[in-house]
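This is what each chain is made of:
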Amino acid sequence: MSETKVIDARDTFCPGPLMELISHIKHVAVGDVIELLSTDQGSAADIPEWVKKVGHEIVGSEQVGNVWHIKVRKAK
Amino acid sequence: MSRKIHIVCVTGTREKLQMAAMIASVAAASGDEVSVFFSMNAMQYFVKGSSAEPPSEGEFGALLQTKGVPPFRQLFQMAAELGSATLLPCSMALDLLKVTGDDLDPALGPPTGLTRFLSDAEGAQLLTF
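Protein sequences appear in the order of chains A and B.
Sequential numbering from -13 applies to the first sequence in this note's numbering.
Sequential numbering from 31 applies to the second sequence in this note's numbering.
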């Protein structure tokens, strides 16, 4: 059964949100989802690039107010 | 496919240290093979216990001290811990500073000479800050 973990990286600037994602994704199981909260516009565009490059999966990305909710499934 | 990225970090200003640290951390975390060679004015900021803060080159340096910007020392450390980047102090710089490898932050690797660094960097991408 996969789980979703929320990581709050609001009010940090590039590459802070990406580093938060990377440090947490190492510690979850394959299939689990991390929902990253970020207020950094650049990271909202850049994080999917990293996810694609390393072979994980974006399962959702939406902006609510000034906060991006980026959902990443660990694929390997 | 992973790339080899070699970074030479010699300027001791906030903007250049930050940019070098950003590239090192993101590249290493993306699976690239990264090594960073520290020398000249950049070396002093990695002596253990050093709280010295680098001067800014311009207005952007002040912006980098805004809350929420990851400090360059932390980014270099993450490059090593999360992405296996190697952080190499220049042996000549250590000699002139009168410090040894034991006096440096634990994230840094062994003192390294230019011959070894250039040999490892042969044919690879080299960025200088």
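No lab work stands behind these hints: they were computed from the structure.
Here the structure is a predicted model, which is why all the values come from computation and not from measurement.
Mixed in with the good hints there might be a few duds.
Stated by the list, open to error - Subject to a maximum C-alpha distance of 16 Å in a straight line, what follows is the list of computed EDC-like cross-link-like pairs (lysine to aspartate or glutamate):
hint	chain 1	residue 1	chain 2	residue 2
1	A	LYS(-9)	A	GLU35
2	B	LYS97	A	ASP(-3)
3	A	LYS12	B	ASP150
4	A	LYS39	B	GLU63
5	A	LYS38	B	GLU111
6	A	LYS39	B	GLU111
7	A	LYS57	A	GLU43
8	A	LYS(-9)	A	ASP32
Said to hold, decoys possible - Pairwise CB distance ranges (calculated):
hint	chain 1	residue 1	chain 2	residue 2	range
9	A	LYS(-9)	B	GLY153	22 to 28 Å
10	A	GLU21	B	ASP125	28 to 34 Å
11	B	LEU157	A	VAL50	23 to 29 Å
12	A	LYS(-9)	B	GLU89	35 to 41 Å
13	B	LEU148	A	GLY51	37 to 43 Å
14	B	PHE90	A	LYS62	49 to 55 Å
15	A	GLU48	B	LEU156	37 to 43 Å
16	B	SER149	A	THR(-10)	45 to 51 Å
17	A	GLU21	B	MET70	27 to 33 Å
18	B	LEU144	A	GLY51	48 to 54 Å
19	B	ASP133	A	ALA61	28 to 34 Å
Each residue gets a CB set at the ideal place from its N, CA and C atoms; glycine is no exception.
Quiz prompt | Numbers of the earlier hints that this structure fails to satisfy, in rising order | solution = When the structure is compared with the hints, numbers 1, 3, 5, 6, 8, 9, 10, 11, 13, 14, 17 and 19 turn out to be violated.
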